[in-house]
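J.: Given next are the chains, with one letter for each unit.
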Amino acid sequence: MAAKDDPKLVLYSYWQSSCSWRVRLALNLKGISYEYKAVNLLKGEQFTPEFEKLNPLHFVPVLVDGDVVISDSYAILMYLEEKYPQRPLLPSNPQHKALNLQVASIVSSSIQPLHMLSTLKYLEEKVGPQEQLLFAETNVEKGFHALEKLLKDIVGKYATGDEVHMADVFMAPQIAMATKRFKIDMSKFPSLSRIYESLKALPEFLESSPEEQPDAVM
Amino acid sequence: MAQQQNKLKLYSYWRSSCSCRIRMALNLKSLEYQYIPVNLLKGEQFSPEFQKLNPIGYVPVLVDGDVVISDSFAIFMYLEEKYPQIPLFPSDIAKKALNIQAANIVCSSIQPLQNATVLKYIEAKVGPDERIPWAKFHIEKGFEALEKLLKDRAGRYATGDEVSMADVFLAPQLHYGTKRFNVDMAKFPLLTRLNGAYSELSEFRKAMPENQPDAPLA
Chain A
1 MAAKDDPKLV LYSYWQSSCS WRVRLALNLK GISYEYKAVN LLKGEQFTPE FEKLNPLHFV
61 PVLVDGDVVI SDSYAILMYL EEKYPQRPLL PSNPQHKALN LQVASIVSSS IQPLHMLSTL
121 KYLEEKVGPQ EQLLFAETNV EKGFHALEKL LKDIVGKYAT GDEVHMADVF MAPQIAMATK
181 RFKIDMSKFP SLSRIYESLK ALPEFLESSP EEQPDAVM
Chain B
1 MAQQQNKLKL YSYWRSSCSC RIRMALNLKS LEYQYIPVNL LKGEQFSPEF QKLNPIGYVP
61 VLVDGDVVIS DSFAIFMYLE EKYPQIPLFP SDIAKKALNI QAANIVCSSI QPLQNATVLK
121 YIEAKVGPDE RIPWAKFHIE KGFEALEKLL KDRAGRYATG DEVSMADVFL APQLHYGTKR
181 FNVDMAKFPL LTRLNGAYSE LSEFRKAMPE NQPDAPLA
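Protein chains in written order, with the working numbering: chain A, 1 to 218; chain B, 1 to 218.
Since the hints were made in silico from the structure, they are not lab data.
Take these hints with a grain of salt, some might be off.
Estimated spans, in silico, between C-beta atoms of each pair [said to hold, decoys possible]:
#1 A:186 - B:189: 43 to 49 Å
#2 A:203 - B:30: 46 to 52 Å
#3 A:187 - B:179: 43 to 49 Å
#4 A:206 - B:137: 37 to 43 Å
#5 B:116 - A:182: 33 to 39 Å
#6 B:199 - A:183: 47 to 53 Å
#7 A:193 - B:185: 42 to 48 Å
#8 B:148 - A:122: 15 to 21 Å
#9 A:8 - B:137: 49 to 55 Å
#10 B:215 - A:50: 46 to 52 Å
#11 A:188 - B:205: 43 to 49 Å
Virtual Cβ for every residue (Gly too), placed ideally from N, Cα, C.
The shape of chain B in the complex, shown without the other chains (with noise of 0.2 Å):
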């Protein structure tokens, strides 16, 4: 059972709903980390000393110790194999494949084809009217899917009554979804549910994107 030895270091966007998933996991973890900002719009992520970390430019970066991981499914994985004191998955091997199910809804069906890049695309080739539609859209077609996958298996939370990466994946997704692309949250009373349990967990307020070092004063 590791001991926080390094003092963990995550290169993070306020705004990245994929640093958000991370900024999570390390707070319900109880694990102590120094914030880096990447300034994205910036182009921070371009600088030498980030391309060495990560050549893609991509945050969430963890760094501990010698080892640097991107990518928030790979970040994650690692934290729960080296940290595995407050376990972010159920020990039930079908749960925690509902639990990866259910994040890579998130990972690969929503926020892929919502994030800023594409959006820009569909703004520039479709026209500016088009981004919200666009948006809409596909956040809907992914929390359907997440309605009728969790409905028959939720619990307090995602999976059950424990926190666990399914939750980890979700509530910066709700939190993203629901402000900014009038996502009709009606639709989904399960995750409006969860969205409500996510908000008074002080390990999701903590992380989320207002509340970060590099978020611009309101």
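Same shape as in the complex, but just chain A (with noise of 0.2 Å):
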């Protein structure tokens, strides 16, 4: 990520993570520029003394801004709406904006939790590895099932028009991750699908993909 003068803002991050791509992904299309450090959740890395100050729920993105710490990247995109608003990720209407919230708690209360890693570890060991793959695809498609009829009269190019915003930012990752790790069919979710081509010609995204981090493991 080119830097016009030295970032001050730094994104602690983990490839993978879907939570620490919506915030990459939101940081390109306000064209902010960031210093990258990876934590390798991994090795543990999120359990360090260190990283424990700074989040100690050990959970990825964490942004600093100067002084401020936020973690958790709906906080984080909060804050970036609040204090960045150049090319604002949400819509003046109140409807309108009202909805892109919604889809945003969609995605990080009713689907990511409870297909995340730690859920799933945990789950394994009570039903099982083929149960536990089973449970994460039925939320999955749940959720997409929602979404897709939420948004079904309201999708232009991008998720609520023609314009990205943070529905689009919190749905990116999460499709990217159902196509990729639980092979979802998506020809069942033809909105969440034309969404997803719209977003993936961007430059902007394909820059926050996890495989274009510095920590990406090939």
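From the two separate chains plus the hints, produce the assembled complex.
T.: In structure tokens form, the structure reads like this:
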């Protein structure tokens, strides 16, 4: 990521974390440069004392902006929206703004937590590897059905019209994960498929992709 | 500064902690509203009328004139913007982010992992004896996170001496968590103290499940 000047933002991220991906995408869309600091979740770097000081929950992403330290992708994105209002990710119309926040919530509360590694690991201990995969797939599909219903009358080139907004920022990594990790049949979700095709064409999306990150292991 | 012109309508289920959040927010902001019960056990969320309001069938849903908003996070943000007279966010941007992060621990890390649907699944796949341990595990994990996050930042309430978003999202979870799943609250001195503070607020008490029009008679 070419910086025009010394980036003052620091983003703690893991290449495969879809929550980190949301923030990387938003930073790219807003044209904000940042320093990337990798946290290797597989090696347990989220449990080091240094990282624990930044985020006692041991999650990525974490954003550091001068004195301000923020964890949780939703909190980070709302902070960025307020502090760096260029290229807004929330429409000003209250109904559309609320819809974007609702989509973000569906992804961050109803889908992602039910397939994140820590949940699946715990579930695998209880029900076995096949069953935990089925659990993940079922919940992704349930969430996608909900999003499809919600967006089908509003979708344009992107989720809520013809500009990229918060809904897209949350959905893009989620759909990517669904197709690559869970082999979800996207033909069942025509609106989501259409949105994803549009987003995949954006350089900001490509640059924020896991494979393009400094800590990617190919 | 918007005066309340239309009567707000809130579609809610007495026991839904997500609905409870908004009931609290409305009470704190002194906003009158018409309570419209949606009996989730009887499947009223699938009625054609409710599907028109929210095709996903979740409560709460807020109707404010022409505007229809679903999802407690989206509704909360809408209320904050439209009715700013009793703000539920601190003005400091970093503290605001802290509130969103705390709210999201509840929304994304606790509630979705112990809601009725997931518990039913666990009961079916693992057994009825696993229900409570599963819920207890995830609630306690989230409570540990909140205890760590807030311990140096709490005042009288979660993030200071004024009631704010974190409290609105935390209170229903504390109410729900402590009563049903054998959560060992002795491990969480800050949350226990906050719970005590919440029980003294009439706005919170009035929002509690047992005080709703659709709560079954004791």
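J.: Hint by hint, say whether it matches the structure.
T.: Going through the hints against the structure:
1. A:186 - B:189: 43 to 49 Å: The hinted range 43 to 49 Å holds for residue 186 of chain A and residue 189 of chain B, with Cβ atoms some 48 Å apart.
2. A:203 - B:30: 46 to 52 Å: holds (48 Å)
3. A:187 - B:179: 43 to 49 Å: holds (45 Å)
4. A:206 - B:137: 37 to 43 Å: holds (39 Å)
5. B:116 - A:182: 33 to 39 Å: violated (24 Å)
6. B:199 - A:183: 47 to 53 Å: Holds, since residue 199 of chain B and residue 183 of chain A (Cβ atoms, about 48 Å apart) stay within the stated range.
7. A:193 - B:185: 42 to 48 Å: Given range 42 to 48 Å: holds, Cβ gap about 46 Å.
8. B:148 - A:122: 15 to 21 Å: Given about 20 Å between the Cβ atoms, the range holds.
9. A:8 - B:137: 49 to 55 Å: violated (39 Å)
10. B:215 - A:50: 46 to 52 Å: holds (48 Å)
11. A:188 - B:205: 43 to 49 Å: holds (45 Å)
Hints 5, 9 from the earlier list are contradicted by this structure; the remaining hints agree with it.
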